[in-house]
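Work out the full structure: start from the sequences and follow the hints.
2 protein chains.
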Amino acid sequence: MERVKKIKSGDVRTASRLIRNLEDGMDEARAMMKHIFPLTGHSHVIGITGSPGAGKSTLVDGLVESFRKKDKTVGVLAVDPTSPFTGGAILGDRIRMQRHAEDPGVFVRSLATRGALGGLAKAVGDAIHIMDVMGKDIVLVETVGTGQQEVDIINHSHTVIVVLIPGMGDEIQAIKAGILEIADIFVINKADREGSSKLRREIMAMLDMAPASAFPAGWRPPILKCDNAFEPVGFTKSLEEMSQTIENHYQHLVKHDLLGSRVHRKAAMELNEAIRCSVLDPVLSALAANGELERMVEQLMKKDTDPYTLAEEIARRYLKTAP
Amino acid sequence: MERVKKIKSGDVRTASRLIRNLEDGMDEARAMMKHIFPLTGHSHVIGITGSPGAGKSTLVDGLVESFRKKDKTVGVLAVDPTSPFTGGAILGDRIRMQRHAEDPGVFVRSLATRGALGGLAKAVGDAIHIMDVMGKDIVLVETVGTGQQEVDIINHSHTVIVVLIPGMGDEIQAIKAGILEIADIFVINKADREGSSKLRREIMAMLDMAPASAFPAGWRPPILKCDNAFEPVGFTKSLEEMSQTIENHYQHLVKHDLLGSRVHRKAAMELNEAIRCSVLDPVLSALAANGELERMVEQLMKKDTDPYTLAEEIARRYLKTAP
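Going line by line, the protein sequences match chains A and B.
Its first residue numbered 0, the first sequence is counted upward by one per residue in numbering that gives the first Met the number 0.
Its first residue numbered 0, the second sequence is counted upward by one per residue in numbering that gives the first Met the number 0.
Derived from the structure by calculation, the hints contain no laboratory data.
All figures in this text were calculated on a predicted structure; none of them were measured in a lab.
Check each hint, because a few of them may be wrong.
Since the list gives no way to pick out one identical chain from another, each pair is judged satisfied if it fits inside one copy or across any two copies.
Computed list of lysine-lysine pairs in DSS-like fashion (alpha-carbon distance at most 27 Å, straight line) [said to hold, decoys possible]:
| hint | residue 1 | residue 2 |
| --- | --- | --- |
| 1 | K4 | K301 |
| 2 | K33 | K301 |
| 3 | K302 | K4 |
| 4 | K302 | K71 |
| 5 | K254 | K302 |
| 6 | K7 | K265 |
| 7 | K33 | K302 |
| 8 | K301 | K265 |
| 9 | K265 | K4 |
| 10 | K265 | K302 |
| 11 | K5 | K302 |
| 12 | K301 | K7 |
| 13 | K7 | K302 |
Below you can see the structure in the form of C-alpha cells.
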C-alpha cells in the first residue's frame, strides 16, 4: 500500500493523519493497521509515568536531546488528561517541546482520552506501532497518573520509568506501591528538595521487601536522582546517566532473553483491547443508534428494571451463545 | 430475600460480604443486586477527587465527623490504587479512619483495582447501592487521580468535590482543566501554603472562561479554602463550611429539578458497565478458559497475524450479527 510505504519512509503527514483517524475510530484506519502491525518490532519503547507535577515533560524533553546526541531517532507520545465532555488534548503538540520541532529525527504526538468508549490504551498501542514502522529507534510514552488506565498504557513499554518527587505526602506511599511492580527504573526528580533522601530510603525499603521474582534475572530497579532542571550542567549529567541506564536495561532484557516476556505482555493487552473494540463497541453503538440505550436509561431512572437484568437481555440478544 | 432484608436493616457483615463477592465477580452476588437496585435512591452521594498528596483522606475523615454531628449516617467508599499484579488495597479499611470504627452510624469500605477486566467503576456503583440500601444518608466516595477511570467513578456522585493544593507545578493546569467540568465544589487544601492565592485566581480565571451552560441553574462552583489540619479550630470551621456547601449544592439540585440529570448520568454509566460485564467478559473468559487467548498471543508475537484480524474473527464467531 502506498500509505504504508510512506509511513515506512518516515512521512510525518501520513503518520499523523493515520493516528488521528484511529483516534476518531475510522474503520479504514483500523484496516490499515493490519498492514502496519507485521512491520513492527524495531523500536525500544520507554514508558514514563508518575504523579502530576513530578516534572515528567521536562525529563522527556531532556531525554530526547540525550538520545539525539547518540544519533537515535525518537518518537514521543504524550498521553494527556482531558475533559470527559469536550475531548481534545489540553497540552497540545504545539506547546510541547518546541525546540525539537525543526528536527526531522523527532516526531511528537499527543493522544487524549475521548470518553468512556475511548480505548485510550488501544490508541496508544496503535500510535506506538506507527512510530515503530516510521523507523524511530526510541519511542517515549509519557502518561500522567497511576490508575489502571495508566498501567495499561505503560504496559506497552519495554522499559518503564517511574518519576517521583520528594514531599508529596502520605498518599504517595500507595502509589509507589501500586506501580512498584512495573517500574524498571526509578527517578527521584527535583532531588534538591527536602525529603529526597527519605524518599530514596522508602523506595529502597520497598524493593528490599519485594520477592526475588520481582527482579527478572537480577534486575533490581536502580534509583536515579535528577537535580534542579535550572542547573543545566547537573541536569545534563543526570539525563546522560538516565539514558545510559535505559540502554543498560534494554541490553539486560536482550541478554537474559526477557524481551519476549515484555512483548508477550504487550501482545496480550493489545489483543484484549482489540476484542473489546470489535465485540463490545458495535453492540453499544447499535443500541445508541436506535435510541434504545436512552430508553433503557429512562427505565432505570424510574426503577422499572435494573441494569443487571437489562445487560443480560442484551447479551442474549447479541451473543450467539448465552454467557 | 433474607439477606436483602438484613442489608436494609444495616447489617454490616452481610453488606461487607456482598461487596466482596461482587468484587470477586460471583454470579450469585450479581443476581442479588437485582433485588438491591429497586430499593436505592435514599443517599446523597458525594465524590471527592484530586491529586495524590492533596490530603483527601483527612478531609473525608473530617467530613464524616461533621455529618455525624448533624446526626446523619455515613458510608465511606475509598477507591485505592493497587498493584496490577497482586491486587488488594494497599490502604486497607483497618488503617482508615479508625476513630470511627466504633460508631455504628459509619460504614467504611475500600475497593481496589483488580486487573484490566476489573470494572472498578461498576464495583463502585454496586457498593454505593448497597450503602444506600443500608440507609446511609451520606455516601462519600474518595478516589485518587484524574484519569478516565476516576471520572467514571466520580460520575456516580450527585455532588463532586475537587481538592487541589498550592504549588503542584504546571501539570496541575491540565488536570484542573480536565476535571473542571465535573467539579461542583473546589477545595484548596493546605491553603496556608505559598501559592494558595495564585491557585485560587487560576481556578477563578478558568471558571470565568467557561460558558454559562457549565453552571446548571447558575451554580458556579464555589472555591473553599481549608487551612492546616494541625490547627484544629480552623480545620473544624473549614469542614463545617464544606459540609454546609455540600448540603447547599444538594438543595440547589433539588430546587432546580437537576437531580434527575445527575441520576441520568449515573444510570447511563451503570448500564454501560453492566453491558460490558455481560457481553464482553464472557467472551474473554471463554477464550481464556480453553487456552485460545494464549495461543493467539503467541501468534501475535510471531507476527503470524495481527490483533485487528483476530478480533474481527472473534466478533464473527460470538456476535449474532456481524458488526
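Cross-check of the supplied hints:
1. K4 to K301: Between copies only: 22 Å across, 55 Å inside.
2. K33 to K301: This pair counts as between: shortest inter-copy Cα distance 14 Å, intra-copy 45 Å.
3. K302 to K4: between (55 Å within a copy, 19 Å between copies)
4. K302 to K71: Only across copies: K302 and K71 sit 25 Å apart there, 60 Å inside one copy, limit 27 Å.
5. K254 to K302: Close across copies (22 Å), not inside one copy (60 Å); limit 27 Å.
6. K7 to K265: within (22 Å within a copy, 45 Å between copies)
7. K33 to K302: Between copies, since 11 Å is at most 27 Å while 45 Å is not.
8. K301 to K265: So K301 and K265 pass the 27 Å test across copies only (13 Å; inside, 43 Å).
9. K265 to K4: within (25 Å within a copy, 46 Å between copies)
10. K265 to K302: Only across copies: K265 and K302 sit 13 Å apart there, 42 Å inside one copy, limit 27 Å.
11. K5 to K302: The answer is between: 21 Å across copies meets 27 Å, while 55 Å in one copy does not.
12. K301 to K7: between (55 Å within a copy, 20 Å between copies)
13. K7 to K302: between (55 Å within a copy, 17 Å between copies)
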